[in-house]
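**Q** Sequence:
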Amino acid sequence: MKKVMLKTTLSLAVTLASTQLFASGFAINEQSISGMGTGFAGRSSSADDASTIFGNPAGMSRIKREQVTGGAAMLDAHTDISNASSSPNSGSNHGDMVPFIAVPMGYYVKPIDDQWAVGVGVYAPFGLVTDYEHGFAGRYFGSTSDVKVVTLQPTVSYAFNDKVSIGFGPTINRIDGKLESNISATQAAPDGEVKIKGDDTALGYNIGILAQLTDSTRAGLTYHSKVKYKLEGNTKVNYGVLGLLGQNPSQKYDASLDLTTPESVDFSVTHQLDDKWTLYAGSTWTRWSRLKEITVENKGVPTILNGQFGSITEEQNWHDTWAHAIGASYQLNKQWVLRTGLSFDQAPTNNVDRSPRIPTGDRKIFSLGAGWSPTEDLTIDVAYSYLREEAVTVNNTNDRGQSYNAKYENSANGFGVGATYRF
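Read in order, the letters of the sequence shown are residues -23 to -1, 1 to 400 in mature numbering (1 follows the signal peptide of the UniProt record, and there is no 0).
Any given hint might turn out to be false.
[As the list claims (entries may be wrong)] No more than 25 angstroms apart at the CA atoms, straight line, and that leaves these computed lysine-lysine pairs for DSS-like:
id, residue 1, residue 2
1, Lys125, Lys229
2, Lys253, Lys155
3, Lys311, Lys269
4, Lys87, Lys125
5, Lys203, Lys253
6, Lys174, Lys87
7, Lys155, Lys205
8, Lys229, Lys207
9, Lys172, Lys269
10, Lys125, Lys213
11, Lys205, Lys276
12, Lys41, Lys87
13, Lys125, Lys41
14, Lys253, Lys41
15, Lys253, Lys125
16, Lys213, Lys203
17, Lys213, Lys276
18, Lys207, Lys253
19, Lys311, Lys207
20, Lys140, Lys174
21, Lys140, Lys253
22, Lys174, Lys125
23, Lys87, Lys155
24, Lys172, Lys276
25, Lys205, Lys140
26, Lys140, Lys172
27, Lys155, Lys41
[Stated by the list, open to error] Have a look at the derived ranges for each label pair, beta carbon to beta carbon:
id, residue 1, residue 2, range
28, Pro167, Ser62, 28 to 34 angstroms
29, Glu240, Thr178, 15 to 21 angstroms
30, Val97, Glu270, 55 to 61 angstroms
31, Lys269, Leu355, 21 to 27 angstroms
32, Thr370, Asn211, 32 to 38 angstroms
33, Ser62, Lys311, 56 to 62 angstroms
34, Ser266, Phe137, 20 to 26 angstroms
35, Ser59, Asn310, 28 to 34 angstroms
To be clear, the hints were calculated from the coordinates, so they are not data collected in a lab. Ideal Cβ positions, reconstructed from N, Cα and C, are used throughout, including at glycine.
Full structure from sequences and hints, please.
**A** What follows is the structure, encoded as structure tokens:
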């Protein structure tokens, strides 16, 4: 019985689920406000400002003045839940479990000479926030999720000539997570809770190459490495029925779990049609298939409960994904540039293993943006994105007779504002 209590919650504590941000799985796309305006179509090739530290480290070679870029993207997500059924047959299905959140970012680039440039960036590559209402019908399969990954990336780039440059940056990544689910032994007993917390710091790297193919066309290729985490934390169980086994109804165990965030490869092309129009296109491949299963190890478990709590494994079976984007910008005048983009993003989940923590499907995203340069030293960028997902179903059951089935339809509005100051 205790194994079932924690199986879903503990294993999902490291899948990190989906925040319904503008990337698949639990990835976050919002590392650049100027890039957000074109749907990130030219992420590896545009190098418009210091946010190229994430998009393509080699792009720093195109930045001729020392500059700082910063901003934040805000998300307003909405979920409609329909055709819901559960056992026990109780609880609500309000949806809209993602609160209004903000994703900050900041970058600094300093050219050293015609060949070398250095920089540093702080951004969020992965994360989630989901918080269902109290009494949610699917609470036994997930109620609250709050996971954040923050990355610090010192970076260097080198230009071989005026055509080809490379860039490299080690990444220092900090992950913090908290997940909760309800537990119940019988329909007559009040619900208990399982709460998991964990954190870790791990290293990775980003590397890129940028090539000026013609006077009007350049291409970029960026590799974001996998990052291996070993989360250390604790599992708290508040469940009165444990007293029937002679145990304290409030239990706390040391927990550890391994997670590898996936590597990705981004390729994009930027083509300047004329003095006014610039076109962008790009594709990103992400190796989500690394997430086959999750195993949680617990220590300090009493002998009577060791068989249920000691080691827990749950299948996930995510698959690799592709994202594609096209975009354009129009230089209205010296002060204003207008942007737009369209993106298509696959979801890594499948119909068998999808849960209330991961209720997402393939996405289409439409974006608009603008940059305003009141002086040669300052540019202010704004962006708006609208996301719509295909409708998906969640079909969860466990061996205690509990189940949750529902249809999810997700949408979101994203707003971004940022600024670049050149010294």
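**Q** Is the hinted pair Lys87 and Lys125 satisfied, with a Cα-Cα distance of at most 25 angstroms?
**A** 29 angstroms, violated
**Q** With a cut-off of 25 angstroms on the C-alpha distance, tell me whether Lys213 and Lys276 pass.
**A** 12 angstroms, holds
**Q** Given the hinted pair Lys174 and Lys87, is their Cα-Cα distance within 25 angstroms?
**A** 39 angstroms, violated
**Q** Are the Cα atoms of Lys253 and Lys155 separated by 25 angstroms or less?
**A** Given that 25 angstroms is the threshold and the Cα spacing comes to 48 angstroms, the pair is violated.
**Q** Could one say that the CB atoms of Thr370 and Asn211 fall in the range 32 to 38 angstroms?
**A** 34 angstroms, holds
**Q** Given the hint that Lys125 pairs with Lys229, test it: the Cα-Cα distance must not exceed 25 angstroms.
**A** Given pair Lys125, Lys229 holds - Cα atoms ~23 angstroms apart, limit 25 angstroms.
**Q** Against the 25 angstroms threshold, does the CA-CA distance of Lys125 and Lys213 hold or violate the hint?
**A** 20 angstroms, holds
**Q** Hint check: Lys125 vs Lys41, CA-CA at most 25 angstroms. Holds or violated?
**A** 33 angstroms, violated
**Q** Is Lys172 within 25 angstroms of Lys276, Cα to Cα?
**A** 16 angstroms, holds
**Q** Okay, Ser62 versus Lys311 on CB: inside 56 to 62 angstroms?
**A** 60 angstroms, holds
**Q** Given the hint that Lys155 pairs with Lys41, test it: the Cα-Cα distance must not exceed 25 angstroms.
**A** Violated - the C-alpha atoms of Lys41 and Lys155 are around 43 angstroms apart, more than 25 angstroms.
**Q** Does the alpha-carbon distance linking Lys140 and Lys253 stay inside the 25 angstroms limit?
**A** Satisfied, since the Cα-Cα distance of roughly 23 angstroms is no more than 25 angstroms.
The structure shown violates the earlier hints numbered 2, 3, 4, 5, 6, 13, 15, 16, 18, 19, 20, 23, 25, 26, 27, 28, 30, 31, 34 and 35.
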